[in-house]
Amino acid sequence: MRVVLATVLVLLFPALSWAAEMSDATAECLECHVSIAPGMVAAWQNSRHARTSPGEALEKTELEKRVSAKTIPDELRQNTVGCAECHTLNPGKHSDTFEHNGYQVHIVVTPEDCATCHPLEVKQYGQNLMSHAYGNLQNNPVYQELAKAINGVQFFDGGQIDIKPPSPETSADSCLSCHGTKVEVKGFDARETEMGEMEFPVLSGWPNMGVGRINPDGSRGSCAACHTWHRFAIEMARKPHTCSQCHKGPDVPIYKIYQVSKHGNIYSSVGKQWNFEEVPWAVGKDFTAPTCATCHVSLIVTEEGDVVAERTHQMNNRLPWRMFGLIYGHAHPKFPDTTVIRNKVGLPLPTDLSGEPASEYLIDNAEQQKRRKTLQQVCLACHTPQWVDGHWARFENTIKVSNEMTETATQLIQKAWDGGAAKGLAQNDSMFNEGIEKKWMEQWLFFANSTRMSSAMMGTDYGVFDNGRWYMAKNIQEISDWLKMLLSVSGETSRDIKSDNK
Amino acid sequence: MRVVLATVLVLLFPALSWAAEMSDATAECLECHVSIAPGMVAAWQNSRHARTSPGEALEKTELEKRVSAKTIPDELRQNTVGCAECHTLNPGKHSDTFEHNGYQVHIVVTPEDCATCHPLEVKQYGQNLMSHAYGNLQNNPVYQELAKAINGVQFFDGGQIDIKPPSPETSADSCLSCHGTKVEVKGFDARETEMGEMEFPVLSGWPNMGVGRINPDGSRGSCAACHTWHRFAIEMARKPHTCSQCHKGPDVPIYKIYQVSKHGNIYSSVGKQWNFEEVPWAVGKDFTAPTCATCHVSLIVTEEGDVVAERTHQMNNRLPWRMFGLIYGHAHPKFPDTTVIRNKVGLPLPTDLSGEPASEYLIDNAEQQKRRKTLQQVCLACHTPQWVDGHWARFENTIKVSNEMTETATQLIQKAWDGGAAKGLAQNDSMFNEGIEKKWMEQWLFFANSTRMSSAMMGTDYGVFDNGRWYMAKNIQEISDWLKMLLSVSGETSRDIKSDNK
Amino acid sequence: MRVVLATVLVLLFPALSWAAEMSDATAECLECHVSIAPGMVAAWQNSRHARTSPGEALEKTELEKRVSAKTIPDELRQNTVGCAECHTLNPGKHSDTFEHNGYQVHIVVTPEDCATCHPLEVKQYGQNLMSHAYGNLQNNPVYQELAKAINGVQFFDGGQIDIKPPSPETSADSCLSCHGTKVEVKGFDARETEMGEMEFPVLSGWPNMGVGRINPDGSRGSCAACHTWHRFAIEMARKPHTCSQCHKGPDVPIYKIYQVSKHGNIYSSVGKQWNFEEVPWAVGKDFTAPTCATCHVSLIVTEEGDVVAERTHQMNNRLPWRMFGLIYGHAHPKFPDTTVIRNKVGLPLPTDLSGEPASEYLIDNAEQQKRRKTLQQVCLACHTPQWVDGHWARFENTIKVSNEMTETATQLIQKAWDGGAAKGLAQNDSMFNEGIEKKWMEQWLFFANSTRMSSAMMGTDYGVFDNGRWYMAKNIQEISDWLKMLLSVSGETSRDIKSDNK
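Chains as they are written, first to last, in this note's numbering: chain P, 7 to 508; chain D, 7 to 508; chain A, 7 to 508.
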């Protein structure tokens, strides 16, 4: 049967009989590795990298191309893209390069390596907030206070609750799991293997596939965050499960919202009939409802081949608003490095506590309109202009309203700080470490964000009862009550316990 | 290639060569629309509507029929059901009808339009609570207070927290997204299009696919809520993802419960092997575990063709109890318009605050037993009578117990109202706007409901740790503590802040 | 029709004509039952049991075997495994055996019955904590207090809140749904059936498929908890949806964590291409990422047939740590019956309230290391040693840190007990019934557990914002504030309400 099938295939598609082969170097890698970590090798064997050479990839039409390089180094053109092709690239740049059976191998394949064939994607990604996710968190003192308040270890010290900063293991296991760690070579270590003693670099912050990982070659990011190693299937990057790894918690419940949206419903019900492999990706033909990638990343065409949306790994060029992770929703930052932002009182935040934007660091109305139109082109592939306008009017109303509710909660926490019920910046204390402050944080970090995202993506209940408007409304009342109670106990009877709260 | 394929298909299935064709009018629509919103057109092209004419649909056997009309107007019998067939139907009844390239087109296709071929389904649906979801919310003053307390904007006004009613955009984006908006023509607007300037009606409350939408022809509901436009695949309506759009939040976590039930487990594990297209739907042959539609809607037969359950779009004729959205679980209302209900103290609620049912508006024991038996017939298709009885005994015990827990919480909130810790109806204030009231609401709106539904559908943990009994028990203790604290702070020190709470 | 189908099948696949056939007894069962509960019969017809005889099953190679019996009773060797084979086995041992159309039938098929062909699995399962899930809950007084505090009915009694113990229906519908009920014969009952009046045993605690069910033959457990009746497909047991039935709530959110892990992402995206039926299960060939079963249960081999991990139904021989359900994470208990454990103060708990382990009842470091290595063999099938070590270092750091956070919360609740803000064991009261105690419970039962599991399985946000570190940190501050407030209201004004809290 297989022979018959093969004959038929060769007759139909003679090109297949000339398929590219792996390099000798990769074949040498596989000799051992096929039995050391067979699942890793199998993933690669299922990949397009294992079936196609960069030379073949360059021959596709402009719209069908999966590589963006104009030229590819001669030594990489003929063979498929295997172990050796990526793990021995640019050896001089990688501090994690080590001698391994006669090859100069590095462990961490980076965007700089991928840029050999995919330079445009890497360049665009450099403009994506995600590529700066490590620094934007680690080099922003406000966020460092936030991270400490979440990940630090609280303990009793002489009757008071104090907090130890999180260990590197804890940070790597929490925030930096998505934001990316800093991967550094901490020395070299000899290990007994099936092939005798071998020496390997010892890496800190490893393993990690975070979107803003700082790599041993100095580059930022990890393509494998979305393009899961070692298959790197576009099918996976286009499916919403990939995004769910970092986008499903109460701070950013995008995946959950998608799941219960009409779009997600269509995907769950009939998505198995779609073609997730095709490039370009034709609306109506290859898929009949969007996934995350459709609206935010992919090159989308009509069945006739007209471009609906250009591919982008910058993503924010389709995004007029930044909806989550900050106190207020606001126009998108101009630059992916957000540590440069200063609000009116000098904090590295894109708005004041009252919601006033730090406008010089944010895109202006014209740029917002341009991005809005770009994203709406995707909507218009299935919906009428009136439909799209109606949807966006609701969404942008929700940004406004959710900001107003955050402002009310902020006025309450300001009363707490002013009235001595909690200590904030004016009292030289963290804004994030006390009980009532954490309630205030949930107002924006969870509830307002969830409401905005639900509105953006039509997940309804994530804007109502599931961490949405219900919680925005309830939380304001609870903060108000809590404040009254706290003020009440600042009196005599509770003096001894109150001191617990640093 | 297409020609070859067509030839092969004709040779294999000669019947296909007689397939119905689209009307000239629809062909004319597609001339432009295929490139305007290609995804919309593609969805329809994948539909049964695009492959079958109503005339053919009428020829099926009674059990196999997908149309319930006895006769269909001559002009609609021969062609497939395309754009023109639905969007130019009943032009005189639609206030959103407009002249469009020589046709009288309307935007919003309504149940009245669908009733041309599917009259029984539309009639049954009119008896379904869902078809009255707009009015039951918007015309019930108690629910209007609730909606305002959730969706209104809270703000500081002279040191006090006040609340603005929600804007139409907010309402459309939250409650009415599922309940349905009122879609009205607000005028006509000229818009520049690829085909020159054209005039379109301007609709308020649009877009919307809510189950109780008030349509421009005066009808109620949207078939597309479950029968996703423009494919209208029975496959989608039968899959649980469709129901999840409105039934997954903490107020009605049915989809989540289903997912972790044995039924949902079987669906997730092996459901891809099932036949979701067949009418009638044969238990054991087409599917081996129920989805939402199996128990609540579909025509179910045995492999031998014996009817297990008649198709119903009324749904509540299989439901003895109403479990969610109200303070207590109770016998189902007699009529889909619940605004007529009055409890003992004259409120439009099916029970008193103490749980006593407004019995004259609710079905009696005999009708409950009839509905119980109807639903149990579906259970008995896979389970023994002892199994089914055991399950129902637990479920109905849970209704009773969860109501008792709600009663205890209600006694606490009554103490709060009586003791001055909060203001309720007796104080001419909303029952839903203060912190402690919102805790009381969660007792029934979230926790008791979740527990009952979990019990009904065997989602176990949604009745224990996941918003179930754990939260019912914890919430009563928290309300009790909160009440003590509130009463304590009604004293001197907090007078100024307390006034914040309106 | 059947004859035609059979003829066609025989012509196409002559090998099938030698397939085992059902026994006469089973054929007799089916005569009636095919129309009584057709879905049940259809499930079995799709099963391997309906296609293979134990005799055939014995002929497979050692690695391919699905039965572990060395010999099988003659009368069971030739026919497929149908109704009669299981439901008439060991009639003397089953107190639920009854005379049914000339057969001695029992309702509840138990592990003892399954052990006829699968003795090793049953023996291993007897060492699994799950098999003791009923007794470990019901015979541990600490857990009985916990269960009462969750499932009991709270009610007002003379102005005070009291609590009634849960009814058997409530217990069966909540904790025991997963832990298993005690199924006992409560008499016999005559019922009118389509075949005339018949007598059946009346069972308490039925239906139930809990993992630790106490059966009418005295055995423990239900194989059908994971091997869903009556198809018993290994495909289902290997898919994560099965585990989700009992492992998804906030107390044990394993399924949710898996879903958003890279492993779960790969399963959701491309798992439909995998082979879930093959025995043994070859990494890289049959699947490319683990499901729950891969790491915890299944026999895993490489494509070359080398064993990566032996099959185990004991499961804990791959588990060095016990992470959930207890106050602290700790080394795994030595024995599946945990009621024998006593901590330093004599409570049946594996640690003191301060976290000190009851070491003599727990496995030692050497056994932990052995189990760690066993589980890591599975990791190493796809990952490098440095990757695996890095992952485990983070995970075990998280156990330590989450325990420290629990200790801090425990010091706070101890202050509450000491200060009179709540009553604990020293005051002869439950540790679980008051508001502040329930907050303390959530610290370990929900938040610390979620954080540990997220760390173990790389679900990131379940260790941060989704019931993870964020909640551990926030909860400590809330408990601290709550304690202050409670101490404050123990004064004059609230005396009357305070007495509500028993």
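In case anyone wonders, no lab produced these hints; they're calculated from the structure.
Some hints here could point you the wrong way.
Which copy is meant is left open, because identical chains are indistinguishable; a pair holds if it fits in one copy or across any two.
Stated by the list, open to error - Okay, derived cross-link-like pairs now, DSSO-like style, lysine-lysine, Cα gap no bigger than 30 Å in a straight line:
no.: 1; residue 1: Lys421; residue 2: Lys444
no.: 2; residue 1: Lys278; residue 2: Lys291
no.: 3; residue 1: Lys406; residue 2: Lys379
no.: 4; residue 1: Lys192; residue 2: Lys421
Hint check results:
1. With identical chains, the CA atoms of lysine 421 and lysine 444 are at most 30 Å apart both within one copy (15 Å) and between copies (23 Å).
2. Taking the shortest alpha-carbon separations for lysine 278 and lysine 291, both the intra-copy value of 13 Å and the inter-copy value of 21 Å come in at or below 30 Å.
3. Taking the closest pair of Cα atoms, lysine 406 and lysine 379 come within 30 Å of each other only inside a single copy of the chain (20 Å); across copies the shortest separation is 51 Å, beyond that limit.
4. In this homomeric assembly, lysine 192 and lysine 421 never come within 30 Å of each other (Cα to Cα): the closest approach is 48 Å inside a single copy and 45 Å across copies.
Comparing the model with each numbered hint stated earlier shows that hint 4 is the single one that does not hold.
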